[in-house]
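We have chain A already, so just place chain B on it with the hints.
Residues per chain are reported as follows:
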Amino acid sequence: MEDKINSELLIELAKLIKKYYPDFSESLADYLSSQDLIEHLVSILSKKDQEVENVSKNDTSISPVKQSHKGLRNTLIELKKTEPEKSELLVKFYDGLKDKTFLPDIQDIRKFVSEQKLKKVKLTSRRDAINPLIKSLLPLSLKELKNKLCLVMPITLQDDRSLEGWSELILNKPQRTKQDEGLSNK
Amino acid sequence: MAKKVSIINMKGGVGKSTLTVNLAWYFAAIIGWDKKVLVVDLDPQFNASQYLIGVSDYRRILEEEKPTTWDILEQNIRSPKGQNIIEEINAPIYNVITFNDGCKVDLIPSRLELSFSLRNPAMKEKKLAKFLSKLENEYDLILIDCAPTESVLTTAAYLASDYVLVPVKPEYLSAIGLNLLVTSMNDFKNENEEHNLILAGVVFNMTSDYLPEETYSKDTVRLIAQKNGWYVFNAEVPYSRSFPKGARLGKPIFKTSKARTEKKFKFFEFANEFAERINLWKIK
Numbered sequence: 001m002e003d004k005i006n007s008e009l010l011i012e013l014a015k016l017i018k019k020y021y022p023d024f025s026e027s028l029a030d031y032l033s034s035q036d037l038i039e040h041l042v043s044i045l046s047k048k049d050q051e052v053e054n055v056s057k058n059d060t061s062i063s064p065v066k067q068s069h070k071g072l073r074n075t076l077i078e079l080k081k082t083e084p085e086k087s088e089l090l091v092k093f094y095d096g097l098k099d100k101t102f103l104p105d106i107q108d109i110r111k112f113v114s115e116q117k118l119k120k121v122k123l124t125s126r127r128d129a130i131n132p133l134i135k136s137l138l139p140l141s142l143k144e145l146k147n148k149l150c151l152v153m154p155i156t157l158q159d160d161r162s163l164e165g166w167s168e169l170i171l172n173k174p175q176r177t178k179q180d181e182g183l184s185n186k
Numbered sequence: 001m002a003k004k005v006s007i008i009n010m011k012g013g014v015g016k017s018t019l020t021v022n023l024a025w026y027f028a029a030i031i032g033w034d035k036k037v038l039v040v041d042l043d044p045q046f047n048a049s050q051y052l053i054g055v056s057d058y059r060r061i062l063e064e065e066k067p068t069t070w071d072i073l074e075q076n077i078r079s080p081k082g083q084n085i086i087e088e089i090n091a092p093i094y095n096v097i098t099f100n101d102g103c104k105v106d107l108i109p110s111r112l113e114l115s116f117s118l119r120n121p122a123m124k125e126k127k128l129a130k131f132l133s134k135l136e137n138e139y140d141l142i143l144i145d146c147a148p149t150e151s152v153l154t155t156a157a158y159l160a161s162d163y164v165l166v167p168v169k170p171e172y173l174s175a176i177g178l179n180l181l182v183t184s185m186n187d188f189k190n191e192n193e194e195h196n197l198i199l200a201g202v203v204f205n206m207t208s209d210y211l212p213e214e215t216y217s218k219d220t221v222r223l224i225a226q227k228n229g230w231y232v233f234n235a236e237v238p239y240s241r242s243f244p245k246g247a248r249l250g251k252p253i254f255k256t257s258k259a260r261t262e263k264k265f266k267f268f269e270f271a272n273e274f275a276e277r278i279n280l281w282k283i284k
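Protein chains in written order, with my numbering: chain A, 1 to 186; chain B, 1 to 284.
Extracted from the complex, chain A is given alone in its bound form (with noise of 0.2 Å):
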């Protein structure tokens, strides 16, 4: 990969040289093989990535769904280290949202936003609007998550249901002592 880039890297320059040729002076090719310089490029554009970071926080006409759609999944996955529940439920939500398994339709978004009274957002397509949504139940407790989700998608976690589970939760419980049946033999 690192190979691809170089070579893509020295064609662009290739074609700057021939470009500017012959009208640069011969001690560039020292000036360009500086560790200043290299430097220098790196911290302006740092800087421009900052202009725009700050561009995009300050301009309020930009709509929030601007945010790139993998950094929100990455941060619902992050969320597994202290809501483990939570995080799973809506990674299961967003990526139903996305292949359409749930709310296909922009009416449907809508109409699931308007009946679980959540945040209002601007829905100029169903793409932009998963983003809001997602953010609009982020702030949910867990039961009010499941609540808000049961009519759209199985609520239940992927092993919550399972006969597995349930075999386990019969099969493996504590053998009742005899103090125990007391209670109800007396």
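Incorrect hints may appear among the rest.
SDA-like, lysine to any residue: derived pairs with alpha carbons at most 20 Å apart [to be verified]:
#1 B:K36 <-> A:E144
#2 B:K255 <-> A:K80
#3 B:K255 <-> A:F112
#4 A:K80 <-> B:S56
#5 A:K143 <-> B:N95
#6 B:K245 <-> A:L123
#7 B:K264 <-> A:E144
No wet-lab data here; the hints were simulated from the structure.
Using the frame of chain A, we list chain B on its own:
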């Protein structure tokens, strides 16, 4: 004050738990009905509990020693460990779902140990009725999912109920089983004349298209019902694969994906007729 209905049949596998849960969801979730519903799981097999809540929540109930229907029946029984007393009336109640308008489905779960109550049934039959009398003003409808065998649990259900709903699967063995229920109810009424227990009706549940056997069974059931003055619902609840699927997902049939519209509407028809029979009305 809540309408209290026991869903009962001496024959197992006729769909009592599934019907109970779907009715609970229907009256709570469907706009216009908007009811607060309590499901009481009175079956040691605890199928209604399994349907309504998942493994992890149920495990938490057991680990935290939250009261169940077993504890309700074991209240005030002396033992070497002391007396079993439920101090807070809402302690056994598990909220399954609450909607934005406050309508809800709550559950009093059961557990396997409920069967141990049968070993010493003395003085237990009135405990459920007494317990529910403290709660009935908080609900519009209380549905009691009963065990399929005659026992103190059956009597407890009768005493706690205003109505009885009898699901019947139209097949040979179920039709025979209905006679057991006739005997059970008649015995109860003879012993408890002061208690007004009304049979809401017999409903054909899990019906299919296998006509010859079903027709014969239905005719037999109608004959038994007629002899005893029992109402047979006009609406029938057809078998649908979406019912067991819904049980696995914890959802009613009308919230189960790919459930056929025709099957859902048949269920709605029955639910509406059932409501009429027990004088349960829509919010205007």
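Earlier hints that do not hold, by number: Hints 2, 6, 7 not satisfied by this model.
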